[in-house]
Amino acid sequence: MSVSAALRSEAGGRRRPGFGILFARHRGLITAAIVFVLLFIVVNAISAGHLSYFDFSFMASGGATLALAAVGETIVILTGGFDLSAGAVISLVNVVLASSMDPTAPHASVVLWTLAGIGVGMATGAFNGVFIAFLRLQPIVVTLSTMFILQGVTLLVMEKPGGFVNADLGGFYLGDAVPGRLPMPVLLLVCVGLLWLYLKSTRFGAALYAIGSDDDAARSAGVRVALTRLLAYIVAGGCYGLAGVFISAQTGSGDPLVGNPLLLSIFAAVVLGGTRLGGGRGGPVGSMIGAYILMSVVNVLLVLNVSAYYSTIAEGVILLLAVLAASISADSDLAKQIRFAALRFAAWRAGALPRQIGGGDRRLRREPPARGGARAAAPPFWIRNREALRYALPAYVLFVLVVIATELWLGNAAFHWGYWNSLIVLSSFLAILALGQGAVILTGGLDLSVPWTVGLSGILLAGIVQGSDQALLYALPIVIAIALVVGFVNGVGVVALGVSPIVMTLATNGILQGAALLYSNGTPAGFSSPWLRWFMTGKILDATPVVFFVMAFVIVAVTLLARTPFGRRIYAVGNGARAAKLSGVPVGRTLIGVYMLSSLCAGLVGVLLTGFSGQASLGMGDEYLLPSIAVVVVGGAIITGGRGHYLGMLGGVLLLTALQTMLAGSNLPYATRAILYGLVVLGAVVALREERD
Amino acid sequence: MMGARLLLAGGLALSLIAPMTAQAAQKHKIFLSMSYIGNDWQAEAANMVKAMASHKSLADKVSLEVQVAGPNAQRQIQQLNAMVQAGAEAIVVYPISPTALNQVVKNACDKGVKIFAYDAEITEPCAYNIHIDQEEAGRKTAEWLVDKLGSKGGNIVVITGVPGTSVDTLRTKAAKEVFAKHPNIKIVAEAVGMWSQAVARTELSKILATQSWDHIDGLWMQVGCYTANAMQLEAGKKPNQLIPCAGEGSNGGRIQMLPLGTEVEGAASPYAPLGASRISYASPPYSGALALKLAVEALEGKDVAKTTILPLPLVTNDTIKLCQEGTWEEMKAGCNAFKPSIVPNPGWFASIFSEQTPEVGLEAALVGQPEK
Chain A
1 MSVSAALRSE
11 AGGRRRPGFG
21 ILFARHRGLI
31 TAAIVFVLLF
41 IVVNAISAGH
51 LSYFDFSFMA
61 SGGATLALAA
71 VGETIVILTG
81 GFDLSAGAVI
91 SLVNVVLASS
101 MDPTAPHASV
111 VLWTLAGIGV
121 GMATGAFNGV
131 FIAFLRLQPI
141 VVTLSTMFIL
151 QGVTLLVMEK
161 PGGFVNADLG
171 GFYLGDAVPG
181 RLPMPVLLLV
191 CVGLLWLYLK
201 STRFGAALYA
211 IGSDDDAARS
221 AGVRVALTRL
231 LAYIVAGGCY
241 GLAGVFISAQ
251 TGSGDPLVGN
261 PLLLSIFAAV
271 VLGGTRLGGG
281 RGGPVGSMIG
291 AYILMSVVNV
301 LLVLNVSAYY
311 STIAEGVILL
321 LAVLAASISA
331 DSDLAKQIRF
341 AALRFAAWRA
351 GALPRQIGGG
361 DRRLRREPPA
371 RGGARAAAPP
381 FWIRNREALR
391 YALPAYVLFV
401 LVVIATELWL
411 GNAAFHWGYW
421 NSLIVLSSFL
431 AILALGQGAV
441 ILTGGLDLSV
451 PWTVGLSGIL
461 LAGIVQGSDQ
471 ALLYALPIVI
481 AIALVVGFVN
491 GVGVVALGVS
501 PIVMTLATNG
511 ILQGAALLYS
521 NGTPAGFSSP
531 WLRWFMTGKI
541 LDATPVVFFV
551 MAFVIVAVTL
561 LARTPFGRRI
571 YAVGNGARAA
581 KLSGVPVGRT
591 LIGVYMLSSL
601 CAGLVGVLLT
611 GFSGQASLGM
621 GDEYLLPSIA
631 VVVVGGAIIT
641 GGRGHYLGML
651 GGVLLLTALQ
661 TMLAGSNLPY
671 ATRAILYGLV
681 VLGAVVALRE
691 ERD
Chain B
694 MMGARLLLAG
704 GLALSLIAPM
714 TAQAAQKHKI
724 FLSMSYIGND
734 WQAEAANMVK
744 AMASHKSLAD
754 KVSLEVQVAG
764 PNAQRQIQQL
774 NAMVQAGAEA
784 IVVYPISPTA
794 LNQVVKNACD
804 KGVKIFAYDA
814 EITEPCAYNI
824 HIDQEEAGRK
834 TAEWLVDKLG
844 SKGGNIVVIT
854 GVPGTSVDTL
864 RTKAAKEVFA
874 KHPNIKIVAE
884 AVGMWSQAVA
894 RTELSKILAT
904 QSWDHIDGLW
914 MQVGCYTANA
924 MQLEAGKKPN
934 QLIPCAGEGS
944 NGGRIQMLPL
954 GTEVEGAASP
964 YAPLGASRIS
974 YASPPYSGAL
984 ALKLAVEALE
994 GKDVAKTTIL
1004 PLPLVTNDTI
1014 KLCQEGTWEE
1024 MKAGCNAFKP
1034 SIVPNPGWFA
1044 SIFSEQTPEV
1054 GLEAALVGQP
1064 EK
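Protein sequence lines, in the order shown, are assigned to chains A and B. Position 359 of the first sequence, counted from 1, bears residue number 359 in this note's numbering, the numbering being contiguous throughout. All you need for this note's numbering is the position in the second sequence, starting with 1, plus 693.
Errors might be hidden in some of the hints.
Listing some non-contacts, in silico: residues in chain B with all C-beta distances to chain A over 12 Å [what the hints assert, rightly or not]:
1. R768
2. H824
3. H875
4. M887
5. K931
6. A998
7. L1003
8. P1051
9. E1064
No more than 30 Å apart at the CA atoms, straight line, and that leaves these computed lysine-lysine pairs for DSSO-like [unchecked claim]:
10. K1014(B) <-> K1065(B)
11. K999(B) <-> K539(A)
12. K539(A) <-> K995(B)
13. K754(B) <-> K799(B)
14. K1032(B) <-> K930(B)
15. K931(B) <-> K804(B)
Reference listing, derived: stretches of chain A covered by chain B, where coverage requires no fewer than 3 residues with Cβ under 8 Å from a Cβ of chain B [said to hold, decoys possible]:
16. 54–65
17. 291–304
18. 524–538
19. 619–626
None of these hints come from the bench; they were simulated from the model. Please read these numbers as outputs of a predicted model, since none were measured by experiment. Don't be surprised by glycine CBs; every beta carbon is placed ideally from N, CA and C.
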């Protein structure tokens, strides 16, 4: 089926060579451009007056920071990487500029300060790049550590908003390149775009796409993979630096938190622009357009006066629609699913499997295994599990070190049951999330809808329970069922619509946030029942009841991933979806199951957090998203899927919780804690580094 | 960049369908730009602004549109620009950053738009600011705690707000200056509480993993006293053994301050009268409503001061008093805590009374209904 489809599309391409191929190659970019133009027309039409040059200039500068940062992120993603430090770099450059400019000097050199900003960005990029390219560490966790470290450094440079950025910078970057015709931000973006087109035409540009498509093939073809990767992070860092310079010019001052919340928007812009996560396809020009699409959406929502509660829902839906629009074609997953559905239906009517239609039995003939032959002796435990042990061990070793450090520094730790009890209670949330997020990551996906699945579940539970134990009996199944529906929707989006997991779950997260706001009307009411509160804070024989639950959960989780057909299918899909499919693994069903598992875990955490706090609050899940990813990776899983063990992830959970416990008990300033936290996470993954094969 | 004529043509065609708001022309067009909507304080402040806008004294004068910027300053910049484009006469804003908005605020002022910032500050001089004195808040509460612990002093735990914000930095610094003057006060642990009861509980649990309540004599928390008291009860303490806590103005905390055994409708431990030793303060959520009222006054040509420092709402065990209905009149007579049967959420902020805003009472904060 797919072969004939491929042949057909190839034939189509041959008939109209130039345009067809060009369109196919740049479909993402072209769709993004069309969406943007449509949005622009809408904004123009529904605004009170027609947009003047002045408005146009405002809009151009409004999206420029995001666009510049998205260019950098795109270059990293093209190589198959991932950069979580982008927002933190922007904040750092902002405070560095704002704290080092002399407020008494009447003028400042635009060139000098721009270069300074880009330089700071490139330095952070080089830091990321060295660990990722030469030590072969996983980008997601290296850049996560860098993010924490940079946030700490930023607070050391400037502890609260203030400082001064010379107005010359603002005058230059926000002014006109050609008065009345061309705003400077547009010219700046055009220059960056041209620079990119030049880069793309060089060997470096070709190498970027090559290593993103397949780094082994690229290496065999003579591409210097490590060097290219390092350069990609440095160039990306330079882009974030430029974005930081721009936001400094725009705001005229420093704020240590200014860039941090940009991170998710940056990813959304990249994806909207048609760049594929995982590398090899797309480009920065699309990402710039993606950034302006996101910006226009804000204007549309404003002009239409969409209620604040619906705005995250509207954004989520727009994100999904834009990505779906970009993927409409004969060979998109959605189209395939529709074709296959027809085939499946025909097969179902004929009482056969789809592949049996029109053909006999195509199963391979298999000899029955010889009876009575000597069975090969099973290798000993540590050899069978050598790989799992090697990847899980570093987290545990560091965990033990942190516990020892806590004992020496704060006391009352290693030999006190109270410490261990608190540690397990505090770990319980991440331990549960690690199974869901871990299973999703094992299939090569990522679940970004965790925060508001947690939040909505907790708010719903508290709202239904209202402090009554009887109500808990039916509230719990309702909440769990809703969580499962969320997971099902995520899974169907990924499998049937072919939307990338990040986009699908990001959109779901926004929609869930809106749902939670609508349900609670802004202030969540209700509180947990006495029984649930006892479960999280009471005592049985000196131990909190949830401790026993965590132990049982760990056993179930290990069994589920290692000993059940579902668990084996997860690994099969993660190691190669196509190979798994050809081997008879129901890939779609497994993926949907994995997302449902993740939402189930998130829902459970929402319930437990409500019991722990006594009530639910909006945003209660926000602080669990990045840690849920970090523990999985620190525990030895690989972000592209197929490798990892739940016990390793549990080690990651214990390590991070013990580390936070130690830091919370100390008197260190927050900035130092953030840096230490980042360094320990980085240290944990250095131990996990890939060996060159 | 693109065919301008095509755009214009498309725009003209579509503008015929666009809704025409003729009657809005006589009203003042005012926008509210909020920050992150996902917490109790923000939702309450938004309710009070909406209530103020629909009060009979303002309903004919104001058309209010509400927008949420999320936690993202960059986006608020863009939103403010869009509001100016959409013809705002005044913008009431909860500024995500005191400095990042300066340029866009200045631009708006230059176009004649009046900018009113509530709760937090915008440093651009043309903006109107309505907030409490954060240093005073940090200092007064720390002094109360030092006073409570007496000449003996003791070990205290500090839970701060969101690091990197001016409000947190000012409060924490002022409090620490007070503690530094008393060498017998020892800060044994400090954690970041993010102004959330849930985070405060997680952080306190982490601290208690290596400390015990027996060795902590006092708490200074920007948000979290309600939770801290609940945790002490869970640890087996009796209500009369609760340690003094200087912290937030949540209704849960206020109810806990009432003398043990007070009859309160809907109370259930730990959201119940405990006689807890407390000082309760808050950035009051009515500041947005007041900002709107002042914005209308400014548009009508009245003189409005650029900076309005709100009186710090401090409540101690001596001044705590339960409200029956929660009307503005009743609060004026001195009540400052609300029944759990009316306010089921203990994290809800109770400092909603202001001499200057008789338009809004409890109903306003809860559901956005103004006083009659």
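Test the statement that L1003(B) is away from the interface with chain A: the closest C-beta pair must be farther apart than 12 Å. holds (21 Å)
Claimed coverage, the region 619–626 of chain A by chain B - three or more beta carbons nearer than 8 Å: Our answer is that it holds, as 4 residues pass the Cβ test (under 8 Å) against chain B, meeting three.
Beyond 12 Å on every Cβ pair: is that true for H875(B) relative to chain A? At roughly 17 Å from the nearest Cβ of chain A, H875(B) sits farther out than 12 Å, so the non-interface label holds.
Is it correct that the beta-carbon of A998(B) has no partner in chain A closer than or equal to 12 Å? holds (23 Å)
Would you check whether the claim that K931(B) is not at the interface survives, using Cβ distances to chain A and the 12 Å cut-off? holds (17 Å)
Beyond 12 Å from every chain A Cβ - status for H824(B): holds (14 Å)
Run the C-beta distances from P1051(B) to all of chain A and say if the shortest one exceeds 12 Å. holds (23 Å)
Cβ contact check, 8 Å cutoff: the region 524–538 of chain A against chain B, three residues minimum: Coverage by chain B holds for the region 524–538 of chain A (6 residues, Cβ < 8 Å).
Would the pair K931(B) and K804(B) pass a check requiring their Cα atoms to be no farther apart than 30 Å? Between K931(B) and K804(B) the Cα gap is close to 61 Å, so the pair fails against 30 Å, i.e. violated.
Run the distance test for K754(B) versus K799(B): straight-line Cα separation, threshold 30 Å. holds (25 Å)
Confirm or reject: R768(B) is not an interface residue toward chain A, with every Cβ-Cβ distance exceeding 12 Å. violated (6 Å)
Confirm or reject the statement that M887(B) sits farther than 12 Å, beta carbon to beta carbon, from all of chain A. It is violated; M887(B) is separated from chain A by about 8 Å at its closest Cβ, not greater than 12 Å.
The earlier numbered hints that this structure contradicts are 1, 4, 11, 12 and 15.
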